[in-house]
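Read top to bottom, the protein sequences are chains A and Z.
So for the first sequence, numbering that gives the first Met the number 0 puts the first residue at 0; every next one is plus one.
So for the second sequence, numbering that gives the first Met the number 0 puts the first residue at 0; every next one is plus one.
It cannot be assumed that every hint is accurate.
Simulated pairs of lysine-lysine, BS3-like, Cα-Cα distance not exceeding 30 Å [as the list claims (entries may be wrong)]: (1) Lys185/Z to Lys263/A; (2) Lys334/Z to Lys308/Z; (3) Lys15/A to Lys308/Z; (4) Lys266/A to Lys352/A; (5) Lys387/Z to Lys15/A; (6) Lys316/Z to Lys15/A; (7) Lys308/Z to Lys309/A.
Computed from the model, here is a short list of chain Z residues facing chain A with C-beta under 7 Å [said to hold, decoys possible]: (8) Gly138; (9) Leu141; (10) Ala142; (11) Ser143; (12) Gln145; (13) Thr146; (14) Val201; (15) Ala282; (16) Ala291; (17) Glu294; (18) Val295; (19) Leu298; (20) Arg306; (21) Val324; (22) Leu390.
Hints were generated in silico from the structure; no laboratory data involved.
Glycine is no exception: its CB is placed at the ideal position from the N, C-alpha and C atoms.
The lines below spell out each chain.
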Amino acid sequence: MLVLNDDQTMLQDAAKGFVQEKAPVAALRKIRDGKVADGFDRDLWRQMAEMGWTGVLVPEDQGGLGFGFVGAGVICEEMGRTLTASPFLSTAMMAATALSRAGTPAQKQRWLPAIVAGEAVIATAIDEGRRHDPAGTAMTAERSGNGFKLSGRKTYVVDGHAADAILVAARTGGTAGEKGGISLFLVDPRAGGLASERLSTLDSRSAAELAFDGVQVTSDDVVGEVDDGLALLEIVLGAGRAGLAAELSGNAQESFARTVDYLKERKQFGRTIGAFQALQHRAAHLFCEVELARSAVLSALQALDADADKASLAVSVAKSKASSVARLAAQEAVQMHGGIGMTDAIDIGLFMKRMQVASSLYGDADFHADRVALARGF
Amino acid sequence: MDALEAFRRDTRAWLDANCPAEMRVPVRGDEDICWGGRNWVFKSEAQKVWMERMAARGWTVPAWPKAYGGGGLSHEEVKVLKEEMARIKARSPLESFGIWMLGPALLAFGSEEQKKEHLPRIARGEIRWCQGYSEPNAGSDLASLQTRADDAGDHFAVTGSKIWTSYADKADMIFCLVRTDFSAPKHLGISFILFDMTWPGVSTKPILLISGKSPFCETFFDDVKVPKANLVGTLNRGWDIAKYLLTHEREMIGGGGGGLLGGRSPGQLAASEIGTDEAGRLADPFLRADAARAEVDALAFASTMARYKDEAASGGKGVGDKSSVLKYYGTELNKRRYELMMRAAGSSGLEWEGARTNDGELPRGWLRTKANSIEGGTSEVMLDIVAKRLLQLPSA
């Protein structure tokens, strides 16, 4: 059934109430205007942990809630409506997925309780160029004693500047572009030879550029199988992409709702502008597009819960559709608000800025349309 | 094993045993569809057997109550039946306007006598219905219709004309909107009546379309005598039934985009026509980019249809005004599909007659899709409904 069950609906209601009270758009403005270096509010993150969100993808026998991807997506969607900044995507979705599925007993013991407690932030470092390309990983992991030495660069590592550990994709074999030969490592951000530069980004959150110069890790730091990390990375990325798609769906729904409200208030030529058919039809078309994005997102989240190994088509449909719909929603929101939509005084521009980041991350609408076409035989 | 899985197992076994092999091949076009009716000539023994076996179980209309010839299945069971039919590529045993439109309207508004009389005969494929809605001067503004049904004591005297009546020349009966009060506001003087296409005073004339085919007719009524018992619902409140029926029609049209050409998407069709590179990418990058976006939209749209049906089933209601979303998006998507297929086909999409192209099946189908965003309410009317009823935007 492509509907939320009772437990998921309760989680949605709780998430909506929580973010609207504790982390409305005004909270993002505080982070921006206060130049908060983390790009999120650590106190809010601890409160999210108290709500149980940090354990939403951690199985119950490992101390989490085991609520699954639909539950995680519901939270992302609500945070998308309020532009709530938090390490939920990087830590509670991507890192929790990697560690709970492929972590060694020691890794799980070290990190999963810390994630659930809201005490650890874990970033994932994948891309090296300006465009998303996991198989293009070129960073080297040369064998060295009982471990590996990592050398190379990583770009736009979400939450990388604030992380307590970084999951890094590097080559133990093969060359850039090949699917085999990629391995994943858990790296201490304070390790020798690792330089981090904080990026100030247009969504007022933060990311890091990382330079690795012979950073030493041990074989205990490998997550999953050596040389065969791309399959695990795909699942971790599936979690990230579906989370972003859900967030973009929430972003689009909210900027659209605010636009429809404005169409009902604003008067020009002696009438409410929402009575003009030129605007009605654009709004109605956008509503249909938002509906499609919502359906694609729910399908993807359910597919991940059913079998994460087989969800990549559904996830790419959702990421592609939600990215393009959120873009249309942001553009229409600014245009239909007119001049005021261009000002920093109202929030519409903030939705557009976050849309740009979230739609680009982990593959934009085109990247995922390409994957959909390949999966469908063309 | 839970009850639904048991139902799936039994359904699979029954379909395996009862669906003829010839009915496990995708329909190529309209000529493969079983419409039923008094004058229906089955295309094959397999088509006849398949319809009769399914009708005997009530599975031509699986969600309808058993008392009216249906299968009495739950929403979840209907989904399982459809999944199991899709698994063996089983054709639909019977299609008709009775199933899609009149049946749901009678179930909601008909008298017990009307349900008992008409629904089982729809379910068994015995009566083929057509829809008397549009008129020459009542298209998008349907409620301004002028076909009159005057009170003549024990019957109505019906005079006027309809247009775009699908398959009126092949139908046995018509469900028809008529004006029964000319002094009332236009929405409040309309009634919904049923009558036989063989009765005196009824005539039809096919309309030749740009596709070279004539799926639509002009239909004329000259003092047709219709018993008062054939009124459905309340006199002068037929617009409520008309609108309810339209939501079913729009849901059906919106979902109609996947059937032809073996159910293949434009990108998949293009890959077999044009070829792919080493990585498996369609060799025409411009066509591929457009086809990829259409594929994303088609998959997201399929999820939306499924979601709306699931929401409606769990809320105990129909899809309602959201049928306008499906009608608008589904028909615009289908037009995009055919534009892409014409691009993929190149000159092989330009032949009009001849066995090689099945008499220009693709270009005729392409031209046919241009009506999708007109029939059953234009895209512009659908957007009006979304704006006013779903978004509550003000009237001009």
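Hint by hint, here is what the structure shows:
1. For the proposed pair lysine 185/Z and lysine 263/A, the alpha carbon gap of about 28 Å is at most 30 Å, so the pair holds.
2. In summary, the hint linking lysine 334/Z to lysine 308/Z is supported, as the alpha carbons are separated by about 23 Å, within the 30 Å threshold.
3. Proximity of lysine 15/A to lysine 308/Z is assessed by CA-CA distance (about 25 Å); at most 30 Å being required, the pair is judged to hold.
4. This hinted pair checks out: lysine 266/A and lysine 352/A have alpha carbons roughly 27 Å apart, not beyond 30 Å.
5. Our distance criterion of 30 Å between C-alpha atoms is met by lysine 387/Z and lysine 15/A, whose separation comes to about 27 Å.
6. Taken as a hint, the lysine 316/Z and lysine 15/A pair is honoured in the structure, with Cα atoms around 26 Å apart against an allowance of 30 Å.
7. With a C-alpha separation of about 25 Å, the suggested pairing of lysine 308/Z with lysine 309/A holds against the 30 Å cut-off.
8. Among the interface hints, the one on glycine 138/Z is violated; its C-beta lies about 18 Å from the nearest C-beta in chain A, farther than the 7 Å criterion.
9. Given hint, leucine 141/Z at the interface with chain A, is violated; its Cβ is 19 Å from that chain's nearest Cβ, farther than 7 Å.
10. A distance limit of 7 Å between C-beta atoms decides the matter here; for alanine 142/Z the minimum to chain A is near 19 Å, and the interface restraint is violated.
11. Below 7 Å, beta-carbon pairs count as interface contacts, and serine 143/Z has none with chain A, the closest being about 19 Å; its hint is therefore violated.
12. Taking 7 Å as the C-beta cut-off, the interface hint given for glutamine 145/Z is violated, the closest approach to chain A being about 26 Å.
13. With a cut of 7 Å, the hint placing threonine 146/Z at the interface with chain A is violated, because the nearest CB-to-CB distance is about 29 Å.
14. With its C-beta approaching chain A no nearer than about 39 Å, valine 201/Z sits outside the 7 Å limit, and its interface hint is violated.
15. Below 7 Å, beta-carbon pairs count as interface contacts, and alanine 282/Z has none with chain A, the closest being about 9 Å; its hint is therefore violated.
16. Annotation: alanine 291/Z was flagged as interfacial toward chain A, and the flag holds, the nearest CB pair being 4 Å apart, inside 7 Å.
17. Interface restraint check: glutamate 294/Z against chain A, minimum CB-CB distance 5 Å, threshold 7 Å, status holds.
18. Annotation: interface hint on valine 295/Z holds; nearest CB of chain A at approximately 5 Å, less than 7 Å.
19. Hint status for leucine 298/Z relative to chain A: holds, with the closest Cβ pair at about 5 Å, below 7 Å.
20. A distance limit of 7 Å between C-beta atoms decides the matter here; for arginine 306/Z the minimum to chain A is near 4 Å, and the interface restraint holds.
21. Against a cut-off of 7 Å between C-beta atoms, the interface hint on valine 324/Z holds, since the closest Cβ of chain A lies about 5 Å away.
22. Taken as an interface hint, leucine 390/Z checks out: its beta carbon lies about 5 Å from the nearest beta carbon of chain A, inside 7 Å.
The structure fails hints 8, 9, 10, 11, 12, 13, 14, 15 (numbered hints given earlier, in ascending order).
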